[in-house]
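Please take these sequences and the hints and turn them into a complete structure.
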Amino acid sequence: MRADDLILFAQVVELGSFTKVVDKNNLTNSVVSKRITRLEKELGVQLLYRTTRKLTLTEAGKALLASAINVKLATQEAIDAVAGLGENISGHIKMSVPTISGDLILADAVAEFCNLHPGLTVDMSLDNRFVDLIEGGYGLAIRTGYLDDSSLIARHILDSQWVVCASPTYVARNGKPLQPSDLTTHNCLQYAYQTTGACDWEFKGNKGNYLIKVTGSFSTDNATALRKAVLAGHGVAYLPRCLVYHDLRNGELIDIFPEQVGKKLGVYAVYPFTRQLPNNVRLLIEHIRTRYLSISHYF
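According to this note's numbering, numbering within the sequence shown proceeds without interruption in unit steps and concludes at 299.
The reader is advised that the hints may include incorrect statements.
[Unchecked claim] Straight-line alpha carbon distances no greater than 20 Å define the calculated EDC-like cross-link-like pairs of lysine to aspartate or glutamate that follow:
#  : residue 1 : residue 2
1  : LYS34     : ASP23
2  : LYS72     : GLU112
3  : LYS24     : GLU59
4  : LYS54     : GLU42
5  : LYS41     : GLU59
6  : LYS20     : GLU42
7  : LYS72     : ASP5
8  : LYS62     : ASP4
9  : LYS204    : ASP255
10 : LYS228    : ASP255
11 : LYS24     : ASP4
12 : LYS207    : ASP247
13 : LYS176    : ASP247
14 : LYS263    : ASP182
To be clear, the hints were calculated from the coordinates, so they are not data collected in a lab.
See the structure below:
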């Protein structure tokens, strides 16, 4: 079965006639008919009822249509992803990114993109606040968390899983919590930018996720500072896994509840609503998405 035949089938259904498909693809009517017939023979079923007035889907055609549309959309997405890569990308982009992603990957990824396109300049602000893109003149933001602004377009990149962790030194001195409720007796270091609240830690339960309210002697709005505090053995922390991925791998931190932490936040490329996304922003999003996915195991 050829992907281009599936795409042609989707077009026939979408446009409602062979003639319109002929015009759209600069083909002959006989070629379109032969390719649909070939698809039907390969599948061993009839996909369309053809009359001089209209085309009607058979049950098999209805079953195939969703998959054919997915192939068509995936093909167009692939074309869009590389369209313009050979062009000169220029202009200026003002963007906002969260500090963790900025330090972990985005500073390098965005600077690399600028070097690939010498006519382009990017002003990247590292800020955990959800800045007002319209008022601030931002063309793009990378955001982690829940999105509810209908004036913005959001493209999902990946999901970021959180972990509860502590240093071996802390665990040796204070014992390892055996269940989430045990955290109420531990010094829990708090990250002020948690969407559920710094002292409300989310876990998975049999009846859905639930919160444990914790206390501790130290809180900060800087994730790097919190990482240093937990590495030094001062308490237990609730952090994005990507921030402490290498610390967990090399044994400097212990993942205390690897299967029970309930917090997982989407990472999104967000931009103001527009009928036609500027080419430089679109290609920058594709570049950033590729770099994120290359280290998706961190998340």
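| query | Are the Cα atoms of LYS24 and GLU59 separated by 20 Å or less? | reply | violated, 26 Å
| Hinted pair LYS41 and GLU59, Cα distance within 20 Å | holds, 16 Å
| message | Given the hinted pair LYS176 and ASP247, is their Cα-Cα distance within 20 Å? | response | holds, 18 Å
| request: Assess, step by step, whether the Cα of LYS20 is no farther than 20 Å from the Cα of GLU42, and give holds or violated. | output: Distance of about 24 Å is beyond 20 Å: violated.
| said: Can you confirm whether the C-alpha distance between LYS204 and ASP255 stays at or below 20 Å? | reply: OK: LYS204 and ASP255 at ~15 Å, within 20 Å.
| message | Next pair to validate is LYS24 with ASP4; report whether the Cα-Cα distance is within 20 Å. | response | Judged against 20 Å, a Cα distance of about 14 Å means the pair holds.
| request: For the pair supplied as a hint, LYS263 and ASP182, confirm whether the alpha-carbon distance does not exceed 20 Å. | output: holds, 18 Å
| Hinted pair LYS72 and GLU112, Cα distance within 20 Å | The given pair, whose Cα atoms are some 31 Å apart, is violated under the 20 Å limit.
| query | Holds or violated: LYS228 with ASP255, Cα cutoff 20 Å? | reply | holds, 16 Å
| field | LYS54 paired with GLU42 [C-alpha distance capped at 20 Å] | value | violated, 24 Å
| request: Given the hint that LYS207 pairs with ASP247, test it: the Cα-Cα distance must not exceed 20 Å. | output: violated, 32 Å
| query | Does the alpha-carbon distance linking LYS62 and ASP4 stay inside the 20 Å limit? | reply | holds, 18 Å
Hint violations for this structure: numbers 2, 3, 4, 6 and 12, all remaining hints satisfied.
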